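Colleague: Using the sequences provided together with the hints, build the complete structure.
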Amino acid sequence: MSKKRLIPKLQLRSSSYDPNRMVLVITKQFDQVIEIGDAVSQAKIYQDQAADELIFINIDKKEKNIEKLSRIIHKVSEEIFMPITVGGGVTTEEHFRILLANGADKISINTIAVNDPSFITLTSRKYGAQCVVVSIDFKKDETGEYRVYINGGTEKTDWHPVDWAVEAEKRGAGEILLASIEQDGMRQGLDIDIIRKVSEAVSIPVIASAGCGLAKHFIDGFLEGKADAVAAGTFFALQDQNFMQTRSHIKNAGVSIRVHT
Amino acid sequence: MIGIVDYGMGNLLSVYSAFDYLGADVKICKQPEELKEVERVVIPGVGAFKDCIEKIRTGGFQEALNEEVIQKGKPALGICLGMQVMAGKSFEDGEFEGLGWFDAEVTRLSPAEANKRVPNIGWNDVSYDRTVPLFRGLPAKPDFYLVHSYFMKTANAADVVATYDYSQTVTAAVLKNNIFATQFHPEKSQDYGLKILENFIEWKP
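From first to last, the protein sequence lines stand for chains A and B. So that you can map any letter, position 3 of the first sequence is 2 in numbering that gives the first Met the number 0, and since no number is skipped, the others follow by simple counting. So that you can map any letter, position 204 of the second sequence is 203 in numbering that gives the first Met the number 0, and since no number is skipped, the others follow by simple counting.
Note that these hints are calculated values from the structure, not bench results. Just so you know, these numbers come straight off a predicted model, no measurement behind them. Every residue, glycine too, gets a C-beta built ideally from N, C-alpha and C. There may be inaccurate statements among the hints.
[Claimed, not checked] Computed footprint of chain A on chain B; a stretch qualifies when at least three of its residues, placed anywhere within it, have a C-beta under 8 Å from a C-beta of chain A:
1. 12–23
2. 29–39
3. 71–79
4. 150–162
5. 182–196
[To be verified] List of simulated lysine-lysine pairs, PhoX-like, C-alpha gap at most 25 Å:
6. B:K175 / B:K203
7. B:K194 / A:K169
8. A:K196 / A:K139
9. B:K175 / A:K215
10. A:K43 / B:K175
11. B:K203 / A:K169
12. B:K140 / A:K125
13. A:K250 / B:K26
14. A:K250 / A:K196
15. A:K2 / B:K175
Modeller: Rendered as structure tokens:
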């Protein structure tokens, strides 16, 4: 039986105190960035709590240095034996190669995928579809229509998130990572409506994220949103949330999930 | 010494780090000749079958692997695509010949239920043959991490030592003489995965 996944999302940016270092941060609505600590030690905690997978995203708006990001991933992969997705600023095949060589299993792409959809096909052919995660950030625009936003949520595109997910799958994406910009860091719950529509429209796995504040929000993502995985940053990083406890809640709600003892 | 075959594809670092973490003597073999010096061989693999087998051939690894694993009988471990290349044939994006160590074909997952997605990415509980020493120390239905769209179907049912259910029965591990291979990623499956690698280090086929 396949299990639904629970994924801590570790967001990184260059430290404001030491620009050579990348630190773990949390955000609200893709803004209000707060530095909260060290990504490697936090990742180890998540491994001990038997998280199913980890996502590392460089959200630095100014610096998208792949080498710097890859150094953290390298450190992580020496001690962490679980699947790792990495993204943030990936725009070339060489970036794929560097991150994979340093321990990433999957690469998340966002802005480049919208600007040059053939990049999805190119990397999918080369590294396999399972390696290419298309990350989709979305929110309602001024007219109330859902739209995909790129460049860290700053630039609006003409794509509706559901249409873009379908197109990304057609182009060769192996997985979709959804994030609602409005719900990010708010702990009010996921955008279930869009998650369900995307899950029903594509046949590749969908990771829902942005908005989890309670175990119930994860359950909603799985049962109502039909997501294959739910990722959360703030939820796991800030609260003293026990993975086991959250997992038990989810399992008790009838979701097939790994309970590691 | 354990040699990890580096034919120029995939994430070798995780496999290397996992053996290193377990205290094993491990090296990455970029040249086929290096396989002569190791006692055990690991074939990892991520990506497409065609590229993988092509690189194994053009890199001169096919002869070296046949010599060390088939003729000399060194214990071998294949992981994911590294398992699939051991099959006779694959139907991933065409039709390609593999190493032929298993009388098997690699075909696309075709789960009966519509809500089962391909690629299958994630943790699945695996049923296994308890008499196989490589599974020693594991609970009854351990969860392992899998990422794949294709899987190996063997002609001889006896070669299959582990399966999982994905609204079709999927081969999770095969074993023949000194060759063991898993569709799941032990190096990505936390403590249960490390247990299998530890068993491989000590395995005397």
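Colleague: Going through the earlier hints one by one, which of them does the structure break, listed in rising order?
Modeller: 2, 3, 4, 7, 9, 10, 11, 12, 13, 15
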